[in-house]
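K.L.:
Read off the chains here:
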Amino acid sequence: MRQSVPRSRRLYDTAMVGLGGILLLFIVLPFVALVLDGGPAAILRGLGCSLTWPALRLSLGTTLISVVLVVVGGTPLAWWLARSRWRSARWLEILLQLPVVIPPAVGGIALLLAFGRRGLFGGALERLGWTPAFSAVAVVMAQVFVSAPFYLQAAVQAFGRLDPNLLAVARSLGASPPRLLFRVALPLARPWLIGGAAMSWARALGEFGATLMFAGNMTGKTQTLPLAIYTALELDIHTAQALSLLLVSFAFALLLFLRRFNRDPEVARRLATQ
Amino acid sequence: MTGDSVAQLSVAVEAVLGSFSLQASLEVGGEPLALVGPNGSGKTSLLLTILGLRQPERGRIVLCDEVLFDAALAIDRPTEERHLAYLPQDFGLFPHLSAVENVVFALACRSQRASAQQRRDEAMTWLERFGIGKLADRSLAQLSGGERQRIALARALASSPKALLLDEPTASLDVEARVEVRTFLAESIRSLGLPTILVTHDANDVEALASRVAVLEKGRVAGCGLLADIRQNPPTSFAGKLFDSSRVSGAGAMAGPSCIGDACHN
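Quick mapping for you: the protein sequence lines, in order, are chains H and G.
Each residue of the first sequence is one higher than the one before, counting from 1 in this note's numbering.
Each residue of the second sequence is one higher than the one before, counting from 1 in this note's numbering.
By construction, these hints were calculated from the structure, which means they are not laboratory data.
There's no promise every hint is true.
Derived Cβ-Cβ restraints for the label pairs, each shown as a range [said to hold, decoys possible]: (1) G:Gln118 with H:Val68: 44 to 50 Å; (2) H:Leu64 with G:Gly40: 34 to 40 Å; (3) G:Ser237 with H:Phe182: 46 to 52 Å; (4) G:Arg77 with H:Leu92: 26 to 32 Å.
Just so you know, even glycine gets a beta-carbon here, dropped at the ideal spot from N, CA and C.
Construct the complete structure from the given sequences, taking the supplied hints into account.
P.N.:
Shown next, in the form of structure tokens:
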């Protein structure tokens, strides 16, 4: 027998479906326009623009380096942060999240004031023969600056969620600290770590403000896809559209990749420990 | 092998854990000791302290003449060097590894030089010893609670431990599996003769697996002695209720020699 739903509940459900629908349209309609506007010929012409391939190559190259740096450095740091009982570790964790709430343009100015030629540490760096500002290195630095906190947070949470009993047992069996990390913690946390790395990558790929301020917008040298979109917008909107579609396809590929690796690990875990 | 009257694991610790203080001393020889007490009495904390996962303020823990912890001498061996087999309530098997891989993990921790094939062969020997050789390549999701408990014990013993710490070994099992696991654990513990500490809420576990009992109350050892004595003169109302409510025959109980040393009461 069907249970009768109170009227207020029905109203509430209807209102929420309506609200969800509006938000969905708001998100989907621009994408529809992005794909359909101007037709395929205009988009193909846009892809042929001289900005496209240098920007794509630079974006892929720099984000790949950024994500590798973030994962290689962030994983052991997150493992330590998740397990440390020091108060200072909690503070460090909070401070490392700072770039998430800082506007990227502010981050870029801060990077410039620190490592730019006339920056606080610029002179010292120059004496060492290194001037990172307005180079591909600056692109990577800006990307790491804004994207590292995303991976770090995901990894700290992933390690924090591990069953402490499993870690205790592994240690009692004689597992050395590296074995504990590589053979127990990493395999168990893997789905969340991959999710965090993908988030971080997506953030680096979309990086605009900090890159513009700290690395500039030089075609073939520091002009990543988002900066190329900005430049193309002044020339021809369909070129900007084509470049945007390129970025969207990457984001979509990332999403698929995430789904592939993030088959609910909690379910597997529950099954495994029943 | 239960007649061994030499204390192999001796623990005397004082620890402040938040608002709660733990002050306990115990000596365990070849006879398994059950640690009983109400929730929050410090049973698990004591177990984790022995394991080296909690650091006491004062005290000393010695296992087979090896000092694991000594506050005065600033000795604090890390958990992985203590050679203690720890079996938590939910067995603590690694869900990303198969049954045999779980045992291989323990072997790999202790012997770096053996080849992968040698380790696997040895792991198979352990599983076969516990009658679960045919489950070697199963994923854990396919195994019953009793089978998991056997794998956990096989894995623990493969790491060549010098003592056994069990935390509520039957609590997460259904009633039927409980009886099976209890029998199996009783046989294993008796034949191993390792110093064994068993934390439990279950009087049936105590009767079947332990020959001595330490009763914890508010972080203190309120009484320690032979199972029969504790049952007859329970030192706390909790112990009284625990053994009064258990209507099991005494068949599982093992009569052993007297409580070791004077350190058992506090």
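K.L.:
Against the structure, test the hints numbered earlier, and report the numbers of the ones violated in rising order.
P.N.:
1 and 2
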